[in-house]
Amino acid sequence: MSESSLRVVWVYPDLLSTYGDRGNALVVERRARQRGLGVQRIDVRSDQSVPTSGDIYLIGGGEDRPQRLAAERLRNDGGLVRAAENGAIIFSVCAGFQILGHEFVNDLGEREAGLGLLDVWTARGEGARCVGDVLAEVDPQLNLPQLTGFENHQGVTHLGEGVKPFATVQVGRGNGTGDGTEGAWRDTVFGTYLHGPVMARNPGVADMLIKLALDVNALPPADTTWYDALRTERIAAAARPA
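Take the sequence shown: its position 118, counted from the start at 1, is 367 in our numbering, and no numbers get skipped.
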């Protein structure tokens, strides 16, 4: 494999990087290098075109106005949609998750078109914000351990028939619909509300993306000591009675 065999694209870090979501890019890069894989990380700012030749695309969360600007620019640019059509892996968090859907409510209180890469649509919740630690069981088809993360959003995301829930919450509110769903996924496109950053708490998610990008069923083992300590602490904290 060449030194730049795995191309990881971090989309719009200047607009979408709330709660340390940039950490997801760092974890994917590190987990790949731990296996001796070459990695080329490409940080694409909002005034740049999104390349279509990436293997893994990561999108973080953001405040309402930056989210609207990001959606506008991604629609006009078209690169992320073309990358998805080419079979790229896309993992999105919070505002990024909403942008991948059909529509969301922007900072002006208007319905804003998303990219339509996931069959979901997001309304603005009228009750309390979804805030706090989350524990969830990931869709068994993805073969991942219990998911831990932190949510902070007002959106209520409804899933259509074209997607499956990424996980089912045990602690927390997930998509905010009251049905226990958290996030969504279809083929190689994933969305979640979980920060943390989610891949620092759940390195198995990063490994899953790498396996999909390389089209392999398994990766060589890698040291998980630090991740395991963080997971243990956060899972215990979330499970502890308030």
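Simulated from the structure, these hints should not be mistaken for lab results. Note that the structure is a prediction, hence the values are computed from the model and not measured. Glycine is no exception: its CB is placed at the ideal position from the N, C-alpha and C atoms. Errors might be hidden in some of the hints.
Below, a list of computed lysine to aspartate or glutamate pairs in the EDC-like style, where the Cα atoms sit at most 20 Å apart [what the hints assert, rightly or not]:
1. 460 <-> 388
2. 460 <-> 334
3. 460 <-> 428
Each pair of labels, with its calculated beta carbon distance range [to be verified]:
4. 365 <-> 477: 33 to 41 Å
5. 426 <-> 325: 24 to 32 Å
6. 489 <-> 282: 32 to 40 Å
7. 331 <-> 279: 35 to 43 Å
8. 477 <-> 429: 21 to 29 Å
9. 409 <-> 321: 21 to 29 Å
10. 357 <-> 464: 39 to 47 Å
11. 296 <-> 477: 35 to 43 Å
12. 372 <-> 282: 23 to 31 Å
13. 359 <-> 389: 35 to 43 Å
14. 312 <-> 437: 37 to 45 Å
15. 394 <-> 298: 14 to 22 Å
Taking the hints in turn, this is what the structure says about them:
1. 460 <-> 388: Satisfied, since the Cα-Cα distance of roughly 17 Å is no more than 20 Å.
2. 460 <-> 334: holds (19 Å)
3. 460 <-> 428: violated (30 Å)
4. 365 <-> 477: 33 to 41 Å: Roughly 38 Å apart at Cβ, these two residues keep to the hinted range, so it holds.
5. 426 <-> 325: 24 to 32 Å: The hint (24 to 32 Å, Cβ to Cβ) holds, given that residue 426 and residue 325 are roughly 30 Å apart.
6. 489 <-> 282: 32 to 40 Å: holds (35 Å)
7. 331 <-> 279: 35 to 43 Å: Given range 35 to 43 Å: violated, Cβ gap about 28 Å.
8. 477 <-> 429: 21 to 29 Å: holds (27 Å)
9. 409 <-> 321: 21 to 29 Å: Given a distance of about 23 Å, which is inside 21 to 29 Å, the answer is holds.
10. 357 <-> 464: 39 to 47 Å: The hint (39 to 47 Å, Cβ to Cβ) holds, given that residue 357 and residue 464 are roughly 42 Å apart.
11. 296 <-> 477: 35 to 43 Å: Given range 35 to 43 Å: holds, Cβ gap about 40 Å.
12. 372 <-> 282: 23 to 31 Å: violated (41 Å)
13. 359 <-> 389: 35 to 43 Å: holds (38 Å)
14. 312 <-> 437: 37 to 45 Å: violated (28 Å)
15. 394 <-> 298: 14 to 22 Å: Given a distance of about 37 Å, which is not inside 14 to 22 Å, the answer is violated.
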